[in-house]
Each structure stands twice: as structure tokens, then as C-alpha cells.
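Which chain is which? The protein sequence lines are A and B, in order.
Using full-length UniProt numbering, read the first sequence as starting at 1 and increasing by one per residue.
Using full-length UniProt numbering, read the second sequence as starting at 1 and increasing by one per residue.
These aren't lab readings, by the way, just hints derived from the structure by calculation.
Mixed in with the good hints, there may be bad ones.
[Claimed, not checked] Taking lysine to aspartate or glutamate and the DMTMM-like style, the derived pairs with C-alpha atoms no more than 20 Å apart in a straight line are:
#, chain 1, residue 1, chain 2, residue 2
1, B, K219, B, D248
2, A, K85, B, E287
3, B, K219, B, E241
4, A, K85, B, E388
5, B, K208, B, D248
6, B, K212, B, D174
7, A, K85, B, D174
8, B, K404, A, E60
9, B, K212, B, D247
10, B, K210, B, E173
11, B, K166, B, D272
12, B, K208, B, D272
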Amino acid sequence: MSVRQLNLMVLPMMLTATLASAAAADERAAAQVLAGPCAGCHGPDGHSPGAIPSIAGLPEAELLARMTGFRDGTADATVMTRLMKGYDEAQIATLAHWFAEVGQ
Amino acid sequence: MIISRRGILGGVAALGALAMPGLVRAQAAAAHVVVVGGGFGGATAARYLRRLNPGMRITLIEPTQRFATCPFSNLYLGGLREWDSITHGYDDLRAAGVEVIHDLAQDIDGAARRVVLAGGDVLDYDRLVLSPGIDFRWNAIEGYDEAAAELVPHAWRAGPQTQLLKSQLEAMEDGGLFVMSITDGAFRCPPGPYERASMVAHYLTTHKPKSKILLLDSKENFSKQALFQQGWAALYGNMIEWISLADDGQVVAIDAANRTAETNFGTTHRADVLNVVPPQKAGWIAERAGVTDATGWVPVRGGSFESEQVPHIHVVGDATIAAPMPKSGFCANAQAKVAAAAISAELAGRDTPPASFANTCYSLVGVDWGISVAGVYRAEDDSIVEVEGAGGVSPIDANAAFRKAEAAYGAGWYAAISADIWGRG
Ligand SMILES: Cc1cc2nc3c(=O)[nH]c(=O)nc-3n(C[C@H](O)[C@H](O)[C@H](O)COP(=O)(O)OP(=O)(O)OC[C@H]3O[C@@H](n4cnc5c(N)ncnc54)[C@H](O)[C@@H]3O)c2cc1C
């Protein structure tokens, strides 16, 4: 195989990989922005220094269940019930994934 | 298949980056971002820019060595907090790699992208973040100017003003009258005056129970009104009297030497301690930078908090026109993260991530009596919209355990947001 042929094969692969990693970077940035205001109460990356529970590194399924419960009003809370009504299912899934990973 | 506008633009931007990936990354790393103001918005922006861009040069300009927060300054007035516990330094931001300069930004040239410091230093920037907070419209209330504020404090920027008000409260005799004049229009912390009234009532009930509190308001109603009034009646009887605009609450003139406040209809109230929450505008440096409009505040694009008037300048916090978001420390922190993400994406040649914000203002009515108001916000094109059906105030019929939990969570909020902004500093 000539160098030219190799290039013809490798370049599109690189292109696809770069596009994929650019998309991943965009997704990551979006998740980080979505999670931004949570730190205002739950502490940096969800590590709470005070009375509000830490959420960093909790199992993803548990985070998902807690947040969905707040949103649907099936879980008791002081403020999370009001806040979670502002997030749809996809956003809650993104947040659950984010805080499950970020604390590890 | 649905192709979003974002998707296509994302592809194009990614292709652009692909053509010169090394170059774009080098640009982001070599960029210099200057942040003016080390309060809620500015210190957050510096920290999050640093996290998002490990190689980037980030300089924070803030005159004070230790920042005193307005949040919880009312608790200090109430005797529930020590002064040191509401101040924060910049060592932790320095340790994170932010260059902190304790100086005042004196002028900003948006065309040359240059900041001139009072000490004479000149800084060139690729992007500028401004979070200068508020300034006061001196003499908008006749007789209330900077000199008058040394006798009759506003204590609406925390620091010596707060300590002056506290010493006046301590010097007041039992049976004295505390009067607060409250502005209308856009102002920092809509529930702040009423939390202050609550904390002054707590202090007076504990130490000077024969005293009274009179609130002279330029508004017809106020933030979390039903919740505050419920708490006041339960905890302080009729110590606090609130006078609305219609009932002649609007103060039009202050005589600082005699501690009197004159209302619109000509009533004169003589106070033993007089506190004025005056009309406000964006911090003066915003005007120097050319980012304010005729309102005295800063119009911004909601998706990035970039100035509508001057490119490469992002403005966050109280200085901005961000309604329906209120002017709160929580919002300043949330906006700064969106601005930091937008700047980082732009310098790296990526799409701006979709903006998302939240706010919660906790207020302490009594030691075990906390209340809150919350909201969730998104940017649609460049305006900010509140997500319908979300947020709102604490339930009016909540029991004592709920109020106590919110008092504890309020303290938890303060600890969390302080750690998020100043770290262990
Ligand atoms: C009594 C009271 C209680 C409050 N309680 C709460 C609360 O419980 N929760 C809440 O969320 N919010 C609360 N707030 C509101 C909160 O204080 C503000 O919304 C918040 O401080 C806004 O952040 P900012 O960055 O815009 O301004 P600031 O935090 O005021 O920071 C501005 C900084 O810029 C610096 N600066 C100004 N000009 C220059 C210059 N030319 N060069 C360099 N530096 C400069 C200043 O020194 C200052 O440090 C309260 C406010 C008050 C008055």
C-alpha cells in the first residue's frame, strides 16, 4: 500500500474521530453548564461542606430516582421539588450521569 | 432526520478546528482573560475559567484583601454570625493558579482591549469579565449622598458600612425606633431589606424588647411578602410596621444630621437608627467601559453574558439587566459559570454550550425560621426566560420542622457557595 493510499484511508478516520471528539467535548461542556447551579447549594462538583447533602459520586441510578421523585412530587423535599420541575427527563439523565462520574 | 442549527454550526466549527487544531488550542492556551471584581460573579468566573482552561492566563482585579459578603451580613446584624465568618480571602484562588491583583480598575478601553489600574499597571486582554456589583444614585433621595451615608448607613455593600450600622444598633436605647427606607425599581437582593428587618427584630427582641421597627417602602408589595409577614407576626408580635407606597411609605428626603426621613406626602419620621437602601445602578467601571445603557445597567446576551454594546467584554452579576433573574449572589455565581463556559468554548473554536441557570434566595426570618424563593432559567436566543412551572416560594402552610430545615439549608447554601467561589480562602 502506498503512503498516498494510506493517507486516503487514515485521513477520513482522523476526521471522523476529531468530529466525534468535538461532539463529545460539546456534550461535556453542555452537561457542565447544566450542572453549574447545583454547586451553589451542593458545593463544588457536588461535594457539600455544610448541611445540604453531598451528591458527588452517588450511584447514577440513585441520582436518577431521587431527582425524578422530586420532579414528580413523589419524594418529600423543601426546595428540590420546586427546582426539579425545571428539568426534563433528558436533562435529569445528563445530571445524574454527571454527578455519578464527577465524584470518582 | 432533524438537523439543528447548532448541529450544523457545530460541524462547521469542528471542521475549522480540524484544519488548524493545534493553532486553535494554542490560541486558547495563550489567551489572557482579565476579570474585574472579586465578588460573587467575578471570583466565580476566575475559578471556572481556570478549571476549564488549565494553561490560560487569568488575572483577577479586586481592591479588597478580604471580601465581606452581603449574604449573611444581616445575620451579623442580628448577632447570629461573627464578622470573620462572612469574609473571604483570595489565597485559594491564587493556589488554583489565578493571578490576583489587589488594585482598582480605573479605566477600560474596549477598542484597545486594555484595562488601566489605579496603581498604574496596564493590562491587555483577549476577553474581559466585569462583575463590579452596584453603585448608588447619590442624591436621588434629596440629602442622601456619600457624606450622609457616613451618618446614616446603607450597608448595602458589606464592609465598614455594615459595621457602622451594627454599632449604631448596639448604641441605641431600649425603646428606640429603627427606621429603614427601601427603594423601588431594580435593586440588589429583593428580599434583603425584609431579611434585615427580621434580623434587627431578632436582635432587638433579645436585647431591647421595647424598641420598634418602621419600614418605609417605595413599593406596593415585596418579595416573599406573605411568608415574611407570617413569620414576623409569629416571632416578633407587632414590633415591625411596614408602610407601603400607597400609605405614604416613599421617602423623598433624608436629613442625616437629625436622622429624619421625609415622605412623599410630607410626613417626617425621626429615627434613633436610620438605614437607607438607596436607588442603585451598575458599578461605575461598567460605565467607563461603555457597556451601560440609559437605565444605568448593562444589557447582555443571555446565552453568554457578553455585552450587547462592546465585543469581548462579558458582564455578570448585579450590574446586568438579566430579568427575570433577580440580582442575587446565587445568580451572579450561576451567570459567571455560563460566561466562563462561553468564553472557553469561543477561544477553543467550539460552539457556545446552551445556557442554563437557577436561583434560590434563602432568607432567615428567625433563628429556626428559614424561607426561600427559587427559579430555573434558560436562554432563548439571547433573552433569558424563566422555566414555567418550576420554582416559586416556600409553602405558606409549612410546619415548624420545614421552616427549621430551610434555616439549616440556608446556612448550608452559604457554606457551599463560599467554597465554590473562594474555596478555603
Ligand atoms: C443585605 C443583603 C443580603 C443579601 N443576601 C443575599 C442572599 O442571601 N443570597 C443571595 O444570593 N444574594 C444576596 N444578596 C445579594 C448579593 O450580595 C449580590 O447579588 C452579589 O454580591 C452580586 O455579585 P456581584 O459580583 O455582581 O457583585 P459583588 O459581589 O458586590 O462584587 C463586586 C466586586 O467588584 C469590586 N469592584 C467594583 N468596582 C471595581 C473596580 N473598578 N475595579 C476592581 N474591582 C471592583 C468590588 O470591590 C467587589 O468586590 C444580598 C445583598 C444584600 C445587600
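Here is what the structure says about each hint:
Between B:K219 and B:D248 the alpha-carbon distance is near 10 Å, which keeps this suggested pair within the 20 Å criterion. Taking the CA atoms of A:K85 and B:E287, the gap is about 38 Å. The hint is violated against a cut of 20 Å. Distance hint between B:K219 and B:E241 is fulfilled; the C-alpha atoms sit about 14 Å from each other, no more than 20 Å. Between A:K85 and B:E388 the alpha-carbon distance is near 9 Å, which keeps this suggested pair within the 20 Å criterion.
Distance check on the hinted pair: B:K208 and B:D248 sit about 28 Å apart at the alpha-carbon level, beyond 20 Å; violated. As the CA atoms of B:K212 and B:D174 are separated by approximately 9 Å, the hinted pair is consistent with the 20 Å bound. A threshold of 20 Å between alpha carbons decides the hint, and for A:K85 with B:D174 the separation of about 47 Å lies outside it, so the pair is violated. A threshold of 20 Å between alpha carbons decides the hint, and for B:K404 with A:E60 the separation of about 30 Å lies outside it, so the pair is violated.
Between B:K212 and B:D247 the alpha-carbon distance is near 18 Å, which keeps this suggested pair within the 20 Å criterion. Proposed proximity of B:K210 and B:E173 is supported: the alpha carbons are some 9 Å apart, at most 20 Å. Taken as a hint, the B:K166 and B:D272 pair is honoured in the structure, with Cα atoms around 13 Å apart against an allowance of 20 Å. Pair hint B:K208 plus B:D272 holds up; C-alpha atoms about 13 Å apart against a cutoff of 20 Å.
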